[in-house]
Amino acid sequence: MADVTITVDGKKITAPAGTLLIEVCKGAGIEIPAFCYYPGLSLQAACRMCVVRQEKVPKLQTACTTQVAEGQVFFTDTPEVIQSRKAMLQMILANHPLDCPVCDAGGECELQDMSFKYGVADSFFAEPKNHREEQKWSPVVYFDRPRCILCYRCVRVCGEGMDDFALGVQNRNSSSIIAPNVPAHLSGVVENGVELAQLDCEQCGMCIDVCPVGALTSGTYRYKTRPWEMNHVATICTHCGDGCKTTLGVRSTSDGSEIVRGDNRDKSGINGDFLCNKGRYAFDFANSTERITQPLVRQANGEMKAVSWEEALSYVGKKLAQLRDSRGGKSIGVIGGNRLTNEEAYLLQKFARSVLQTNNIDHHRTADYVAFAQALAGTTDRTASLRDTLTAKAVLMVGGDPTNQNPATAWNLRTAVRLNGAKLYIANTAEIKLRRQAKAFLHVSEFGYGALVAYLTGDDSSASSAVADVNALSSFRDAIKAEENPLILIGSELRGAELKHLIDFGLAIPGAKFALLGDYANSRGAADMGLLPDMLPGYSRIGPIETQPFDSKTAMEFAAPTEQGLDMLEIFDAAAAGDLSALYVVGSNPIARYGVDPASLRNTFVVVQEMFLTETAALADVILPAANLYEKSGSVTNSYGDLQQVKKAADRAGVRTDFEMIVRIADKMGADVRKLVPFGTGVRADMGQTRGAQSGEADRHAVWLTANNLEPRLSPFDPYAILDEIQRLVPGYGLMRLQLLSGNDQHLSPSATAVTDNNGLCQISNRRDLILPSNDTLFTSGTLGRYSAMLSDLRQNEALRRLPQTDQTAAD
Amino acid sequence: MPRLVSHPDEAIVLKRRFGQGAVNIDKYIELEGYAAVQKAIAQGEEMPAWIINTMKASGLRGRGGAGFPTGMKWSFVPKISPKPKYVLVNGDESEPGTCKDHILFREDPHSVIEGTMIAGLAVGSKMGFIYLRGEYRYLLNIVEKAVADAYAKGFLGKNIFGSGLDFDIVTQTGAGAYEVGEESALMESLEGKRGIPRIRPPFPAVVGLYGGPTIINNAETIANAPHILLMGGEEYAKLGTERNGGTRLFSISGHVERPGVYELPMGYSLRKAIYEVAGGIKGGKQLKAVVPGGSSCPVLRADEIDVGLDFDQMAKAGTMLGSGGIVVLDETVSIVEFALRTIKFYQHESCGWCIPCREGTDWIKKTLTRVYEGGGQKKDIDNVQYLAENMMGRTFCPLGDAAAMPTLGFVKKFRKEFEDYIEGKRAGTPVMTTEHDLVGAGH
Amino acid sequence: MSTITNTIFSPELAERFDKLVTIYPVRRSALIPMLLYAQDEVGYVSEAVIQEIAKRLDLFDLEVRSVLSYYSMLRTKPAGKYNIQVCTNISCMLRGGYEILDHCKSKLGIGHKQTTADGQFSLEEVECIGACCWAPAMQVNYDFHEDLTPAKVDEILAGYSDGKGAK
Ligand SMILES: Cc1cc2nc3c(=O)[nH]c(=O)nc-3n(C[C@H](O)[C@H](O)[C@H](O)COP(=O)(O)O)c2cc1C
Ligand code: SF4
Ligand code: FES
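Chains as they are written, first to last, in our numbering: chain A, 0 to 811; chain B, 11 to 453; chain C, 918 to 1084.
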């Protein structure tokens, strides 16, 4: 739209014609108060707070609905306007309980702020206020009706934003209320003798997020603390592969600091306005009483005994060194996690390759990032950022179910369709919920993705194996081919050759960009960082140094063996065969995930770094209590390749970061720690004092440094110390440090070596089960999810599924 | 059954078929029914312009309340529209003191149907809706029968009167909500939603029902169209005053000897309407006040009734012609009680969407209730006035104004009576017996 | 052609609904009439009514509830066989509307929104019903009764009790 110039309070402002006045003013630093207006949601003009005076117009106008046109003149702070706003506030406050001292929103309440600003302190009503009891609508959503000011943000965010439509407005006049979709008399939930209405929805908590007051509150946070008593730390959610920015509210406790809230105060992240239930509530695993907080070493009688860190680390170091030296590095396996930071994952594989002298390294691969990187080898600008899902004009999605597995992706896609008219094409074996936004939906036959991809790439004969309804197929293919710059999102079900062919199909479309949707905060980082038996960081193939096309520096610096190692399944095969002397597991639970027979590890020395006594930890000879992603610093890479900074929020006495533990074990093994972590050379190296109350950790590091005659400033325990090396050695990770450290996301696309033979892919096609899509839902999160009380409450709540039940009663 | 009344001063246009069995389509035809629409069609290509020009010339202003010139409203509908255009007849009649559409539907439903067709032809619409409030079920039955009869005669449906044009009419019922009479809330209701008004612009003439350009008119406005086409716009205009063409149906109720719906020329004297047409104050009592255009209009004191009944003169007198519902109050009325009963209605009918209307009506009602029950203080009057003043012009739709205007009228013009009431000197004889719940009226 | 098997409505009403959804440019337009007609037949808008209508219009139950709770003629609890709605708005009030209401209350022994023990009558005080010039007025179900006096009310109620209806 053409630009127009308007005058606001005497100031000339230029903006595109038709922009909402409230947005134009915001951009010009003129504050217009608003309750009902929320960017991106439909307009309401209900709260009347945004009124302004427009020249030559008889009535005050609402800035939230006024579209700017050339020459308009507005006044936003005349006595009349101020009086009008003040009166609106007086009218709301008349029925508002004014229970700010106990309200969760106290201190971060838009109504409080507004009342403060407009000086509405006098209450001239003598009548009693309408009191109602607070209601519990779900394990995570509580409703305090008298506080509600009927701005309808929750109703809209649920319907328009989430496509859930679980909230509505009922009754009219001053009896109007926000109501959830399961009425009290059908809910079957009785508390204190009162039937409670229930929310049958995805439990994302966006309604709580957008509520300008404390009417909707969170089950995990309510009545816990006051906003100003928390430290607010912006970090990255540990759960799914979307990698949303979340702000953790942290409070000190006697044994560290505890997370009391997850929310989305910082809307600058890649997730914009969005945060799902896991990001919002499922931080509670960190506070679980089941956490292991002391190193445990198995005794001769089979029992685990708590020992000192010194004892445990020395034991592990000595034992690993001895096994390496006696049975060879090739007899040792290393399994990393997909919730480690990039720095930890990098360090782990470097430690494995250079200290343990093994390439037997793997991790739980939730998607085939190896094939993805190889299929895109030699291309530039072909990988999509999560941010692109919001702006793309056309999206093809093959496989996957973002609603359940990548909620932020789903939110963005819905938003793109709703606000930008994006065209969404979906091919899936299931009737996934996003089909409701799709322009075209192809119901793919079971196991039909291969045939579909073949059809897309021109093999018309595979049509009937791809879908039951072949008629829809050719128009689907034609429509996508006709799109410009489409975004191609690929579910984790597609791997190996299928994945490659789909990408080949897309590469033929000008400007197409790709993303492969995996799970967990750093699955992608784990692969990028080379937690792989056959790939060094950045997907460079292992082999004799002279055959390494990218950069032999990596291998030389590592002094790694040049043969490819055993993958996850081969490691356990080797164990079963008695050939695995030691297994070092860092933040992973392969025993449960891959259904490994525990007996196969009978003759293997097993070291596990974990938070909980998982199936894998239960088999360990040594368990080292680990910090989780919310208790450490570093960086992670989401499914899309967006790199973001992780900041330490919480702390727990007795646990250590995986980074530190790896360094300590290397030290105990007699390795040169300075080689492992090139500390002291980075731009930033510190001991963590700047990252919150962690004097214990800083002291501990100082002791080690002093013992090693090192300056206390330089630390091998600082994950950023290894960032330089990652930047230097990992193809595609030429990141901008300032961006990272200032909390901004940046998109990376590691470029793999082109595959000339079939080796890279055939491994996958032989062993499809190596890629194991997590199949997490909104209410599960791998092994870790089992330790979140809130997620298990939500799973139980989900099992009730009240709405289908009510359908059954319709007939009688 | 509604009683028909008459008075020699009436200027009969709309009422000409009342009392003659025009519900029967043959009788209606006999009384020149469906002649206007045929006359329009006979204009050939000129038809739309001819209809609109005639309507403009008639000076007809909307009978729903706001008095917008009808011909002009029709001319706003774009000629070309990618979406179908609609005609929507507002028969939601809910403004207290108003019952004219009631008798219109009862006596002459075909005139509404014919008017709807004419509006449709004027703007190139193929479909009209006649929306009646839910309480008017027996009238809905009458209108439905009339529509069916018109279809049976081939007057509705395909190729009406050989014009090559199609026109369909669908009848619709509400289910109890005053706010749904507001034009945009009416469209929401017809689309099966809560009666929450829409943000304007865009206006209905551009984006209305189902997103298509829509003419929305009061039933009486629409029913005037056939008469105007038959008699000619100028003839019709002459019956009224300047810028206020023709006649209108006035519902005169309350303390008069002969309440009823009278058709009076625009500009007719309010005093005469009360004292002559309606037979004067019941039982020979003294006049105290008049609510001249439905309950949302500011009250006139007994000494303010020398005013002509048209939109402009009423506006000059500080009130409104509104829906033409004249409610007459004699000396026995307690204004405090009357004001409370009035706000009670608006509180009950507020859709609840916007803060000033939802909260304002509620708090005015609560405060006046307390005053009425004897617990009032002087500052309550100021508070009520403050609330009403801060609602005026700031609500999302005019219902807020409709609640604030009469309230302001009562407390300003009868302030002394409120003050006396609070001091225990009560004028009038209270009749209200309902115990008022202090909690907002749920239902 | 109803897509609904096992309708809770009479065959006539079900058929009417099948047709009703087809006459508007969008099906949802049938919602308010359907709720009202269903209430006429069932006596109130029951849970089953909500669910069947939601299904017929492809709406969420919640949407139906939101709409239903907006309109004051729709009720979710049964009323008497004859629902007496006395207008007390201004025109009726001026001509004895409250007297009529009180008369009904004492005559039937019930209050606002209550139902007689035998389920014959229920009583409601309502806002203006559009009979201002024939005040005081009331509706019994959908029948208007105008120019009321207590004596006339007695007659009307007796007529309904006898099952003859009134008028
Ligand atoms: C709260 C409110 C209630 C209204 N109720 C009615 C009504 O019952 N009948 C009516 O014809 N117009 C009513 N109107 C006026 C309509 O919004 C609209 O102006 C009218 O139907 C236009 O028709 P007209 O131009 O023929 O008057 C109401 C307006 C408001 C603000
Ligand atoms: S003024 Fe506001 S609350 Fe009142 S009826 Fe209009 S929109 Fe609804
Ligand atoms: S923000 Fe404009 S009315 Fe609420």
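One or more hints might be untrue.
Stated by the list, open to error - Capping the alpha-carbon separation at 25 Å, the derived lysine-lysine pairs in DSS-like fashion look like this:
hint: 1; chain 1: B; residue 1: LYS295; chain 2: B; residue 2: LYS426
hint: 2; chain 1: B; residue 1: LYS388; chain 2: A; residue 2: LYS422
hint: 3; chain 1: A; residue 1: LYS85; chain 2: B; residue 2: LYS203
hint: 4; chain 1: C; residue 1: LYS972; chain 2: B; residue 2: LYS163
hint: 5; chain 1: B; residue 1: LYS93; chain 2: A; residue 2: LYS438
hint: 6; chain 1: C; residue 1: LYS994; chain 2: B; residue 2: LYS93
hint: 7; chain 1: C; residue 1: LYS1069; chain 2: A; residue 2: LYS438
hint: 8; chain 1: C; residue 1: LYS1024; chain 2: B; residue 2: LYS203
hint: 9; chain 1: B; residue 1: LYS292; chain 2: C; residue 2: LYS1069
hint: 10; chain 1: A; residue 1: LYS85; chain 2: B; residue 2: LYS388
hint: 11; chain 1: B; residue 1: LYS163; chain 2: B; residue 2: LYS37
hint: 12; chain 1: A; residue 1: LYS55; chain 2: B; residue 2: LYS326
hint: 13; chain 1: C; residue 1: LYS936; chain 2: B; residue 2: LYS203
hint: 14; chain 1: A; residue 1: LYS128; chain 2: B; residue 2: LYS426
hint: 15; chain 1: A; residue 1: LYS432; chain 2: C; residue 2: LYS936
hint: 16; chain 1: C; residue 1: LYS972; chain 2: B; residue 2: LYS136
hint: 17; chain 1: C; residue 1: LYS998; chain 2: B; residue 2: LYS203
hint: 18; chain 1: A; residue 1: LYS58; chain 2: B; residue 2: LYS326
hint: 19; chain 1: B; residue 1: LYS295; chain 2: A; residue 2: LYS128
hint: 20; chain 1: B; residue 1: LYS136; chain 2: B; residue 2: LYS89
hint: 21; chain 1: B; residue 1: LYS168; chain 2: C; residue 2: LYS994
hint: 22; chain 1: B; residue 1: LYS93; chain 2: B; residue 2: LYS292
hint: 23; chain 1: B; residue 1: LYS422; chain 2: A; residue 2: LYS85
Bear in mind the hints are in silico, worked out from the structure with no lab data behind them.
Each hint, compared with the structure:
1. Between B/LYS295 and B/LYS426 the alpha-carbon distance is near 22 Å, which keeps this suggested pair within the 25 Å criterion.
2. Between the alpha carbons of B/LYS388 and A/LYS422 the distance comes to roughly 63 Å, so the proposed pair goes past 25 Å and is violated.
3. For the given pair, A/LYS85 sits about 32 Å from B/LYS203 by alpha-carbon distance, which is inconsistent with the 25 Å threshold.
4. Taken as a hint, the C/LYS972 and B/LYS163 pair is broken in the structure, with Cα atoms around 36 Å apart against an allowance of 25 Å.
5. For a cut-off of 25 Å, the pair hint linking B/LYS93 to A/LYS438 stands: about 21 Å separates their Cα positions.
6. For the proposed pair C/LYS994 and B/LYS93, the alpha carbon gap of about 41 Å is over 25 Å, so the pair is violated.
7. As the CA atoms of C/LYS1069 and A/LYS438 are separated by approximately 64 Å, the hinted pair breaks the 25 Å bound.
8. In summary, the hint linking C/LYS1024 to B/LYS203 is not supported, as the alpha carbons are separated by about 39 Å, beyond the 25 Å threshold.
9. For the hint pairing B/LYS292 with C/LYS1069, the CA-to-CA distance comes to about 20 Å; that is within 25 Å, so the pair holds.
10. With a C-alpha separation of about 23 Å, the suggested pair A/LYS85 and B/LYS388 falls inside the 25 Å cut-off, and the hint holds.
11. Taken as a hint, the B/LYS163 and B/LYS37 pair is honoured in the structure, with Cα atoms around 13 Å apart against an allowance of 25 Å.
12. Our distance criterion of 25 Å between C-alpha atoms is met by A/LYS55 and B/LYS326, whose separation comes to about 22 Å.
13. Between the alpha carbons of C/LYS936 and B/LYS203 the distance comes to roughly 20 Å, so the proposed pair stays at or under 25 Å and holds.
14. Our distance criterion of 25 Å between C-alpha atoms is broken by A/LYS128 and B/LYS426, whose separation comes to about 29 Å.
15. For the suggested pair A/LYS432 and C/LYS936, the alpha carbons sit about 31 Å apart, so the restraint of at most 25 Å is broken.
16. At most 25 Å may separate the alpha-carbon atoms for a hinted pair to count; C/LYS972 and B/LYS136 exceed this at roughly 30 Å.
17. The straight-line distance between the Cα atoms of C/LYS998 and B/LYS203 is roughly 28 Å, outside the 25 Å bound, and the hint therefore fails.
18. At roughly 20 Å between alpha-carbon atoms, A/LYS58 and B/LYS326 fall within 25 Å of each other, so this suggested pair holds.
19. Note on B/LYS295 and A/LYS128: the hinted pairing is violated, with a Cα-Cα distance of about 42 Å set against a maximum of 25 Å.
20. Between B/LYS136 and B/LYS89, the direct Cα distance comes to roughly 13 Å. Compliance with the 25 Å bound is thereby established for this hinted pair.
21. For the suggested pair B/LYS168 and C/LYS994, the alpha carbons sit about 44 Å apart, so the restraint of at most 25 Å is broken.
22. Proximity of B/LYS93 to B/LYS292 is assessed by CA-CA distance (about 54 Å); at most 25 Å being required, the pair is judged violated.
23. In summary, the hint linking B/LYS422 to A/LYS85 is supported, as the alpha carbons are separated by about 23 Å, within the 25 Å threshold.
When each numbered hint is compared with the structure, violations occur for hints 2, 3, 4, 6, 7, 8, 14, 15, 16, 17, 19, 21 and 22.
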